[in-house]
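**Student:** Residues per chain, in single letters:
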Amino acid sequence: MLKERIAGLLDQRLSGHSLPRDFYVDEQVFQADIEAVFETDWLFACSTVEIPRPGDYLTLRVGHNPIVVLRNREGEVVAFHNTCRHRGSQICLKERGRANRLVCPYHQWVYELDGSLINARQMPEGFDTSAYSLAPVHVEVICGMVYICLADEPPSLERFRAGVTPYIAPHMPDRTKVAFTSTIVEEANWKLVIENNRECYHCAANHPELLVSMVEFALPDDPQAKTQFQGLMDRSTARWDALELPHKPADGGIEFRCIRLPFNENTVSFTTDGKPACNKLLGDFTEQDLGSVRMFRVPHNWNHFLSDHIIHFRVLPISANRTELRTTWLVHEDAVEGVDYDVEHLTEVWMATNSEDGMLAENNHRGVLSRAYRPGPYAPSEFMLTHFTDWYAGKMGDYVGTPHRAVAAE
Amino acid sequence: MLKERIAGLLDQRLSGHSLPRDFYVDEQVFQADIEAVFETDWLFACSTVEIPRPGDYLTLRVGHNPIVVLRNREGEVVAFHNTCRHRGSQICLKERGRANRLVCPYHQWVYELDGSLINARQMPEGFDTSAYSLAPVHVEVICGMVYICLADEPPSLERFRAGVTPYIAPHMPDRTKVAFTSTIVEEANWKLVIENNRECYHCAANHPELLVSMVEFALPDDPQAKTQFQGLMDRSTARWDALELPHKPADGGIEFRCIRLPFNENTVSFTTDGKPACNKLLGDFTEQDLGSVRMFRVPHNWNHFLSDHIIHFRVLPISANRTELRTTWLVHEDAVEGVDYDVEHLTEVWMATNSEDGMLAENNHRGVLSRAYRPGPYAPSEFMLTHFTDWYAGKMGDYVGTPHRAVAAE
Amino acid sequence: MLKERIAGLLDQRLSGHSLPRDFYVDEQVFQADIEAVFETDWLFACSTVEIPRPGDYLTLRVGHNPIVVLRNREGEVVAFHNTCRHRGSQICLKERGRANRLVCPYHQWVYELDGSLINARQMPEGFDTSAYSLAPVHVEVICGMVYICLADEPPSLERFRAGVTPYIAPHMPDRTKVAFTSTIVEEANWKLVIENNRECYHCAANHPELLVSMVEFALPDDPQAKTQFQGLMDRSTARWDALELPHKPADGGIEFRCIRLPFNENTVSFTTDGKPACNKLLGDFTEQDLGSVRMFRVPHNWNHFLSDHIIHFRVLPISANRTELRTTWLVHEDAVEGVDYDVEHLTEVWMATNSEDGMLAENNHRGVLSRAYRPGPYAPSEFMLTHFTDWYAGKMGDYVGTPHRAVAAE
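Protein chains in written order, with the UniProt record's numbering: chain A, 1 to 410; chain B, 1 to 410; chain C, 1 to 410.
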């Protein structure tokens, strides 16, 4: 019955327009989102440098599912459902921690870092520990980014891996460290949070900090791009070509986007003065002005790779009207706080921008609740929202069993 | 299925008794309330003097629907659904504000004060702005009171207008200004908040501040009215007749009530000392002791018009167990705060009374949740609750398609 | 449809294992819990010494039902639904209070302490007050413990009364007084709160304060009991036999448990130093070291009876994921605070233990929400959880009409 309702909502949908109301505000549709999207797709969990040593772990919640991502004794990143096989207690409680073995705090069942149960005190003779391993979660690591998938049969990530690696690898994310993390909760549907991120049509009036360095127009051949920007683009790409850094849009279709774009003239980083956020550059870079590689991947992850730092953004839905946004700033592993970088200088642009975007998304959510709300047309500069909603409609069509063609809108 | 349930609940209802439990506590019935009552009927929004100049606006939320009420360039009061035709963002964010034009804070689509879209930057050539006006909401202004209706075809207000105007007009509400507003949220169903307001049976034990000036008995011919009150009534009406101020109950049926009633001997206003709340009298009045015109209109609005000030009360449902009450105090437009009136002296009686009533309604709500709750009989002095619940049952009967006769209980 | 769902969940259940997920987290199953368990079974309300005099009352909420327990003029404990027969307002508002008669705060309807309506002011001539008595709730008092039942036909308590009286009566609960009460709310299902209480498998790692005096092993013939404990047990029981205090497990089946168990060597009470919590011993006791009578009764009540104090625990469900725990400490009625006992010394072990258990139950709840949660096997030391879940499954089987045999697991 819910699937029929969703099929009906999909039939009402017009590509190139915002979604029908219930996709944003209905709790039942939200549950379908979790099943259709978040329990089937690859999700960004964290950076590998957040869990550098064996036993380091990080926890997150996908829908109602507590997950722990950790580095095992062999140095590989693995992940498990963070629920004890005894009576279901969460095992790892902190957002980030370190454990020689995973010990459930309730009755001290002990799991190896590979998820196998190795001790269950007081259980009777003959208790078969091998039947009580932690339930595994699929993991792929791409350029230092840990992706997890809760599905039994995860889809392939190879096209994505091949597409983004040439752009990101030169920034050498494995040789970074965490400088700061921030988690905020927005009172808005997760798709409104994503849509807010996928366009800069709203930037001029709302993001003074971001526009110090960010160029509003997102495409090299944007018809609205000003002449000034075209000159900036030409000079930038010439320099990147010389450095053998790729910059043209990757062929990600509606699955992902990857592109290198310049900053405004005389600015090189996401800072309020446009100056570098960290004096120690990433990888082998010697050139400060590399613009930023912007990479987005459905359903919920965007990232910036600069000459001097990396920022990962991870969106997790909590309910139809609540969404968590976690932001992680990485700098060179040898950079020294207070010497090479200052945390406030490094983070203030996106801390402010996240806060501004949170208010915009919350206000959007309240307005969409109106019964007078009608899906409106995306502007040309909102072309990535068409990508996103087409992709989403395709996922939901698969879920309800009436495949919904993802119409290319460009 | 919900409509069948409601029809079944209506069949259980006895006129002259409080409603069956689920009408007060069930979230699905609450959604039906919004559709059957608040999205079809005329609602009190504000006083015209809250938005005196072109571009002044006031926002409110009817169910999930954000609404903006404003004065256009011609000086007329108009109202719109406060949701942008682009992606649905709320446009006006403050409770009260002023705008030359309505500019959506998200992407700066610009609407004229008549709701027409006059600029949508970055939209492509040929974009037809005329198809994207704000959705209008019906407005009627009666004696300075702004009523709005979200229905496509609003019911007539003419009987109401004709009935109440002779009582209110002499108080000249257009020549007032806002002295104070208060908004509180009560953890109780909106109908319990209304029922609480519709009787003074509870006053003696609960409202010491109010009873300084308020006469408990609400009808001139109340059989319980004491001899003393009858003398007070006779002297008052003789004086009002001489001033040509109407006072007998208007013929409002179960739709509205309008009557002028005296204050206690030696008191002339809703103050803790019974003295005037404002030395500058309303309109052309020279006589302080005019009692108060008490006007109630279904579903959610009551008002007092005195010689020296006006009070409007507006109830808006938030959920089955949460209700917002907004109170607005108006004084003569030329009255000077600190000279002619003191805000605390003006507001303390009803601030205290609202707070006391909030606690009573919340306690009533918690008790109605009991499965041992049984609808009980209204006392004779609660005759207005019979009016209200009969009216409500009629609305719900229409909604579910099994007309429910509104039985006169008197 | 809900009953079919519950029947399906019962079919999935394995005795000796934690329950299927939805029994712990689903709001609809929670409503069934209220109807099947809390509105049909005997519930612990309070101790009689909390309401020692006629007119003393105590209120609680069972599901949505506000209840008042009071002592009538004859000195008997009675209980009523705490909802006025006029318009349903709660009558007694405080958690504990005293009233000559029960007067509804809304319109002052007056009820005798036997629940009969004796005055309803302003009601018309001929109003039949006898038709508007408060709805009664069944009450049984056993050794100072007040049990109430909301069912029309309560089950028999006689087996329970006969079983526990010999253990508890020597502690003379009628000659005690309240020293302290504490109420906390845990974000966990009520059954997880009960399961947490029914085993000490989790004690070693979580309850340092409790284990000062508490022996972890709960059964005199526990195969894991250490030799040292057996010696302690033998010495203790010899002493109790000499005092004619019963100690062997009562025959309570899955309905209740009652047993006397020793404290650790050199400790006599639930204190952080193991010393007495009150120097004035209960009843006629002259011996400090009496261990504790531990009594649990389904669905929600456990108690400790020591030489020097009594503790009652009462669990009330609020929603699928919220549970209230109320704890009451009683000491001899002649004990003087500051002389015979210190409140902090008396309460700190269980205040700490309750807090620790609350965190464990909340963590358990969050983990059970996972779709990877699978019911796990109880350890032998968790045999009382098998009792509890078998009992619960039996109740739910009766409720859905497909009797579910309560399988003995030991």
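Calculated directly from the structure, the hints in this document are not laboratory data. Note that the coordinates shown come from a computational prediction; the quantities given were computed from them, not determined experimentally. Please note that the accuracy of each hint is not assured.
[Said to hold, decoys possible] Dumping the calculated SDA-like pairs for lysine to any residue here, alpha-carbon to alpha-carbon at most 25 Å:
no.: 1; chain 1: B; residue 1: 3; chain 2: C; residue 2: 238
no.: 2; chain 1: A; residue 1: 3; chain 2: C; residue 2: 77
no.: 3; chain 1: C; residue 1: 94; chain 2: B; residue 2: 3
no.: 4; chain 1: A; residue 1: 3; chain 2: A; residue 2: 151
no.: 5; chain 1: B; residue 1: 94; chain 2: A; residue 2: 374
no.: 6; chain 1: B; residue 1: 94; chain 2: A; residue 2: 75
no.: 7; chain 1: C; residue 1: 94; chain 2: B; residue 2: 184
no.: 8; chain 1: B; residue 1: 94; chain 2: A; residue 2: 356
no.: 9; chain 1: C; residue 1: 3; chain 2: B; residue 2: 184
no.: 10; chain 1: C; residue 1: 248; chain 2: C; residue 2: 238
no.: 11; chain 1: B; residue 1: 94; chain 2: A; residue 2: 151
no.: 12; chain 1: A; residue 1: 3; chain 2: B; residue 2: 184
**Student:** Now tell me, hint by hint, if it's right for this structure.
**Tutor:** Verification of the supplied hints:
For the given pair, residue 3 of chain B sits about 70 Å from residue 238 of chain C by alpha-carbon distance, which is inconsistent with the 25 Å threshold. At roughly 54 Å between alpha-carbon atoms, residue 3 of chain A and residue 77 of chain C are farther apart than 25 Å, so this suggested pair is violated. Distance hint between residue 94 of chain C and residue 3 of chain B is unfulfilled; the C-alpha atoms sit about 39 Å from each other, more than 25 Å. Proximity of residue 3 of chain A to residue 151 of chain A is assessed by CA-CA distance (about 20 Å); at most 25 Å being required, the pair is judged to hold.
With a C-alpha separation of about 23 Å, the suggested pair residue 94 of chain B and residue 374 of chain A falls inside the 25 Å cut-off, and the hint holds. Under the criterion of a C-alpha separation no larger than 25 Å, the hint pairing residue 94 of chain B with residue 75 of chain A is inconsistent with the structure, at around 54 Å. For the hint linking residue 94 of chain C to residue 184 of chain B, the alpha-carbon distance of about 24 Å falls within 25 Å, and the restraint holds. With a C-alpha separation of about 17 Å, the suggested pairing of residue 94 of chain B with residue 356 of chain A holds against the 25 Å cut-off.
Annotation: proposed proximity of residue 3 of chain C to residue 184 of chain B is violated, straight-line Cα distance about 41 Å (limit 25 Å). The suggested pairing of residue 248 of chain C with residue 238 of chain C holds, with an alpha-carbon distance near 12 Å, which does not exceed 25 Å. For the hint linking residue 94 of chain B to residue 151 of chain A, the alpha-carbon distance of about 45 Å lies beyond 25 Å, and the restraint is violated. Restraint check for residue 3 of chain A and residue 184 of chain B: the C-alpha separation of about 40 Å exceeds 25 Å, so the hint is violated.
This entry does not satisfy hints 1, 2, 3, 6, 9, 11 and 12, going by the numbered hints stated previously.
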